[in-house]
Amino acid sequence: MKVSLKWLQTYFDQPLPPAEQTDDAFTFHAFEIEERKGDLLDLNVLPNRAADCLCHRGIAKELSAILNIPMKSDPLRTPVENKGLVNPYLKVEIEDEKKCLRYMGALMKDVKVGPSPDWLREALEAVGQRSINNVVDATNYVMLNIGQPLHAFDAAKLKKENDAYAIKVRDARDGETMTILSGEEYVLPKNVLLITDANADSAIGIAGVKGGKAAEINETTTDIIIESANFDGTTIRRAAQSLKLVTDASLRFQNRPSPELAAYGMRDVLALISEIAGGEVIGIVDEYPARSVQEQKVSVSLKKINNILGSDFTKAEMEGVFSRLGLPYSEKNETFEITPPFERTDLTIPEDIVEEVGRILGYDRLPAAELPISNVGRTTSYMPDQARYKGIEKVKDFLIDRGFTEISTQSFAAKGDIILANPLDKAKPALRTSLDENMKEAMERAKYVAPLVLAPGEKPKLFEIGTVFTKDEEKLEIKTSEPVSDLPAIQDDANYEPQKYQLGMYQPFSIYPFITRDIAFWSSVGTDDGFTKFIIQDNAGAILVRLDQFDRFEKEGKLSLAFRLVFQSFDRTLTDEEVNEIMQKVTAALAEKGYEVR
Amino acid sequence: MSQQGRLHPITIAIRDIADIFGQMGFDIASGPELETEWYNFSALNVPADHPARDMQDTFWIKDHPGKVLRTHDTSVTIRELEKMAKNGETTKRMLSPGKVFRNEATDATHEAQFYQFDGFAVGPTGVVTLAHLKGTLTRFYKEFLGPNTQARFRPSFFPFVEPGIEIDVWFQPPGKEGKWLETGGAGMLHPNVLRNAGLDPEKIQGFAFGPGLERFIMVKYGVPDIRPFYSGDIRFNHAFNEKPL
Chain A
-5 MKVSLKWLQT
5 YFDQPLPPAE
15 QTDDAFTFHA
25 FEIEERKGDL
35 LDLNVLPNRA
45 ADCLCHRGIA
55 KELSAILNIP
65 MKSDPLRTPV
75 ENKGLVNPYL
85 KVEIEDEKKC
95 LRYMGALMKD
105 VKVGPSPDWL
115 REALEAVGQR
125 SINNVVDATN
135 YVMLNIGQPL
145 HAFDAAKLKK
155 ENDAYAIKVR
165 DARDGETMTI
175 LSGEEYVLPK
185 NVLLITDANA
195 DSAIGIAGVK
205 GGKAAEINET
215 TTDIIIESAN
225 FDGTTIRRAA
235 QSLKLVTDAS
245 LRFQNRPSPE
255 LAAYGMRDVL
265 ALISEIAGGE
275 VIGIVDEYPA
285 RSVQEQKVSV
295 SLKKINNILG
305 SDFTKAEMEG
315 VFSRLGLPYS
325 EKNETFEITP
335 PFERTDLTIP
345 EDIVEEVGRI
355 LGYDRLPAAE
365 LPISNVGRTT
375 SYMPDQARYK
385 GIEKVKDFLI
395 DRGFTEISTQ
405 SFAAKGDIIL
415 ANPLDKAKPA
425 LRTSLDENMK
435 EAMERAKYVA
445 PLVLAPGEKP
455 KLFEIGTVFT
465 KDEEKLEIKT
475 SEPVSDLPAI
485 QDDANYEPQK
495 YQLGMYQPFS
505 IYPFITRDIA
515 FWSSVGTDDG
525 FTKFIIQDNA
535 GAILVRLDQF
545 DRFEKEGKLS
555 LAFRLVFQSF
565 DRTLTDEEVN
575 EIMQKVTAAL
585 AEKGYEVR
Chain B
-15 MSQQGRLHPI
-5 TIAIRDIADI
5 FGQMGFDIAS
15 GPELETEWYN
25 FSALNVPADH
35 PARDMQDTFW
45 IKDHPGKVLR
55 THDTSVTIRE
65 LEKMAKNGET
75 TKRMLSPGKV
85 FRNEATDATH
95 EAQFYQFDGF
105 AVGPTGVVTL
115 AHLKGTLTRF
125 YKEFLGPNTQ
135 ARFRPSFFPF
145 VEPGIEIDVW
155 FQPPGKEGKW
165 LETGGAGMLH
175 PNVLRNAGLD
185 PEKIQGFAFG
195 PGLERFIMVK
205 YGVPDIRPFY
215 SGDIRFNHAF
225 NEKPL
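As you go down the protein sequences, you meet chains A and B in turn.
My numbering applies: residue -5 is where the first sequence begins, and numbers increase by one.
My numbering applies: residue -15 is where the second sequence begins, and numbers increase by one.
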């Protein structure tokens, strides 16, 4: 949710606290901050709060509760006056009351469409929106301000019958098409909900997603129909998914804001349009099938709150949280009965209230408690059951002792019995049926890189223990790069203690090719191997990445030594010529010290 | 000297983790990687068509509707809770390290497959609290990353827990500046999850957590890129000095 701090400030008389303080307030009590840049604060509002906090009012309410600073006024606590709800000039029909929970429509006449005033254009641009015209901007502003998606249609583009417009909210018919505001034409699947001009039987919008081009507002528009509705979250989510058209409206509706909000949205948008575009409200119609849904109370005891949090918060502290959040409550025998305001659709069970207490008072106030050693069903002598895991680790340790190195590879494969519906790598759309293919690949590479990581005379030996997927089952497979005749089967072993290791810091390796050179020479008996190595290293320089001695024998009073040198650069491919040059330098240096290079 | 093999760093880390949690009484469980939609989502209070499903990009299986590659090891948690209910148990602590899958573009810090070590501890009402989660994870981070490590809780949302939190860990690699790292979600198991497992949320409560594993290895040992973990390249094993303890 992109929040403009200037916009947020309009909710408070006193200046907002400095950035650091507001950042901490959101981070530790409400939402993670994705970005802060000048006037813009981008907050990560997760699905649990998307019904009430994808708007400046919701964010302002949170900040007010967290920092305990009063809001100047709260549009959702200012009652809507229900007058003028009879409108003979606009009819609304809802085909399926489960898909459209409320539809408010208003007809305005003699509106003057034009550019928005600076404050409005700037407010929208501050949160990354484009200013279009005063009417459209007003609908967007109110949505970003209190969270109710709104839409405006050009009434003149609808058909009138008996002096009245008629809106019908219905499912799309198979193959029905519509061109949206941006100009793309969509073929609409049957389950997509439409806003239609009932008199003309034609679509003018995809409900809760996007308006249609047919009733677009432009400079010549004078009469408008404003929609403030509430559509079923699942219906809208499926429509947005199937059309691949996720919009500000669909994001809000899929999170099921309260249908009560529609009235506040209508009130605010009509006031704003009147203010900036003039015009006269002819009437409002309110079809509200879901009106009878009762408000839900949530009961939770002080004991339960502290029992879940592991805290000892007092009654006064908890009551302070409820007041700051604007949650009406009553209390009796240390049990609270809370009546969440309509917009807090997320508060339905006692645990939701526990979370409100925990996060507002702050999780930093919770002690770090150790789990009890002994409790019901457990004694101090309880041995945790890690038998299967230990049995697997035992086989790994067996293979490590035999010189095998463990690899871990991708579970995806080119071919297999189980195919992904949506693979990431089109070349590997299946799940592996065995570890063979990856082992083969890994071995090829291991043989190539062996001089870099293994001593001369060592050969790469690999194993993997991993899950494979066949038509009938998913199972754990052991794969070794060469046969191990006495390889034990995996068996549970509660008493095995897996070998533990200390790991050093990661030493990055180069992805460039390497070059190996062997060098052998005679020296006098008693020559120090370490000193010899030092001479080689000193002259070979930084691109010598590995030096192994692979031979040492005495003959006729002389000592023969042989070394393997591996050269590799971190930033380029080496040439034979430069390695030859280095080898000449090494040879010369050894000769100077009396070594006789063979 | 005979040739000695090398374990993969993931195995070495899991052994450390299993040991630390073992000392706190945690069993180890495993479960299928090819999971049902029920155990991966619905039983965990993420019903079909819920916006929370967008929080995890999921691999679906062709011709097998209702099957997914598990997006978290929390699927093992619900399976284990279900076993508890069948056995009439009221107390359990469980860790389930394992591979999980997300359909996300790969880069230096994201892989389509990675490891998590989900865990949970439950007991009779009031015995295992959010404060115990704090204590348990703080102890783990200190033992795994070093005694100067600190953990902090922030509010967050995961449908299978309520309250839901995100854990940040303060970690200072040797010779580098310390910083707060996001390590994963946690919280108190949602009553719907306990109910779906066949347990009575009025009688049983507990916490669950699910950190990613590679991230810890990367910060602890200074690995800049997640991709070599599953490359099958033995240079990755050899990029660490491995000393038996």
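Note that these hints are calculated values from the structure, not bench results.
Mixed in with the good hints, there may be bad ones.
Calculated lysine to aspartate or glutamate pairs in the EDC-like style (CA-CA distance at most 16 Å, straight line) [what the hints assert, rightly or not]:
no. : chain 1 : residue 1 : chain 2 : residue 2
1   : A       : Lys93     : B       : Asp33
2   : B       : Lys126    : A       : Glu364
3   : A       : Lys297    : B       : Glu186
4   : A       : Lys388    : B       : Asp3
5   : A       : Lys422    : B       : Glu95
6   : B       : Lys51     : A       : Asp466
7   : B       : Lys51     : A       : Glu468
8   : B       : Lys83     : A       : Glu468
9   : B       : Lys51     : A       : Glu364
Below, a sample of chain B positions facing chain A; criterion: calculated Cβ distance under 7 Å [what the hints assert, rightly or not]:
no. : residue
10  : Ala36
11  : Ile45
12  : Leu114
13  : Gly119
14  : Thr120
15  : Tyr205
16  : Gly206
17  : Ala223
18  : Asn225
Note that beta-carbon positions come from the ideal geometry of N, C-alpha and C, so glycine has one too.
The hints, checked one at a time:
1. A:Lys93 to B:Asp33: Holds, at roughly 14 Å.
2. B:Lys126 to A:Glu364: holds (13 Å)
3. A:Lys297 to B:Glu186: holds (13 Å)
4. A:Lys388 to B:Asp3: The given pair, whose Cα atoms are some 15 Å apart, holds under the 16 Å limit.
5. A:Lys422 to B:Glu95: Holds. A:Lys422 to B:Glu95 sits at ~15 Å (cutoff 16 Å).
6. B:Lys51 to A:Asp466: holds (14 Å)
7. B:Lys51 to A:Glu468: holds (13 Å)
8. B:Lys83 to A:Glu468: The hint holds at about 13 Å.
9. B:Lys51 to A:Glu364: Violated: B:Lys51 and A:Glu364 sit about 38 Å apart, past 16 Å.
10. Ala36: Interface hint status for B:Ala36: holds (5 Å vs cutoff 7 Å).
11. Ile45: Cβ of B:Ile45 sits 6 Å from chain A, so the hint holds.
12. Leu114: B:Leu114 check passes; min Cβ-Cβ to chain A is 5 Å, inside 7 Å.
13. Gly119: holds (4 Å)
14. Thr120: B:Thr120 check passes; min Cβ-Cβ to chain A is 6 Å, inside 7 Å.
15. Tyr205: With Cβ-Cβ at 5 Å, under 7 Å, it holds.
16. Gly206: holds (5 Å)
17. Ala223: Status holds, d = 5 Å.
18. Asn225: holds (3 Å)
Of the numbered hints listed earlier, the single one contradicted by the structure is hint 9.
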